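Throw the hints in and build the complete structure from the sequences for me.
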Amino acid sequence: RIPIQFALFYPRRMRNNYKSLSLTDIGTLTFEKPDLSTFKCLSLAFEALRAGGTMPAVLNASNEACVKLFLDKKISFLDIGNINEKVMLSHTPAKIDSIETILEAEEFAKQMVINLTKGRG
Numbered sequence: 088r089i090p091i092q093f094a095l096f097y098p099r100r101m102r103n104n105y106k107s108l109s110l111t112d113i114g115t116l117t118f119e120k121p122d123l124s125t126f127k128c129l130s131l132a133f134e135a136l137r138a139g140g141t142m143p144a145v146l147n148a149s150n151e152a153c154v155k156l157f158l159d160k161k162i163s164f165l166d167i168g169n170i171n172e173k174v175m176l177s178h179t180p181a182k183i184d185s186i187e188t189i190l191e192a193e194e195f196a197k198q199m200v201i202n203l204t205k206g207r208g
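In this note's numbering, each number is its position in the sequence shown, counted from 1, plus 87.
No false leads were mixed into what you were given.
Derived pair list, reagent style DSSO-like, types lysine-lysine, alpha-carbon separation capped at 27 Å:
1. Lys160 with Lys173
2. Lys205 with Lys127
3. Lys127 with Lys197
4. Lys155 with Lys205
5. Lys155 with Lys127
6. Lys127 with Lys160
7. Lys120 with Lys173
8. Lys161 with Lys173
9. Lys127 with Lys173
10. Lys155 with Lys197
11. Lys197 with Lys160
12. Lys173 with Lys205
13. Lys127 with Lys161
14. Lys182 with Lys197
15. Lys197 with Lys173
16. Lys161 with Lys197
17. Lys205 with Lys160
18. Lys205 with Lys161
19. Lys182 with Lys127
20. Lys155 with Lys173
Source of the hints: derived by calculation from the structure; they are not laboratory data. In this text the structure is predicted, and so the values were computed from the model without any measurement.
Structure follows, in structure tokens:
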């Protein structure tokens, strides 16, 4: 919640009632290498970053559309990664030279999700 609050009110800092993070109180943190086959969307995010251009925007828009369908009980949780992958495979990343380029990429992704999920739910 705090990062979202920072983003919404930047450059101002709004007061909040959240306790500061104390690493000494937490003690030990353990990090593990993520299982990219289990967490397919994380793997897709890395692929989108490597592809560059409009691909991250396409993945983001596709994922947002899929999550909405999941919350509306129209697709399963596991469908999210599979649909995102299909949308990414159908997109050729373009260089971002304007906001319109990003908006077109987002619209492409949303339309692809609609096409891929027609007749569900």
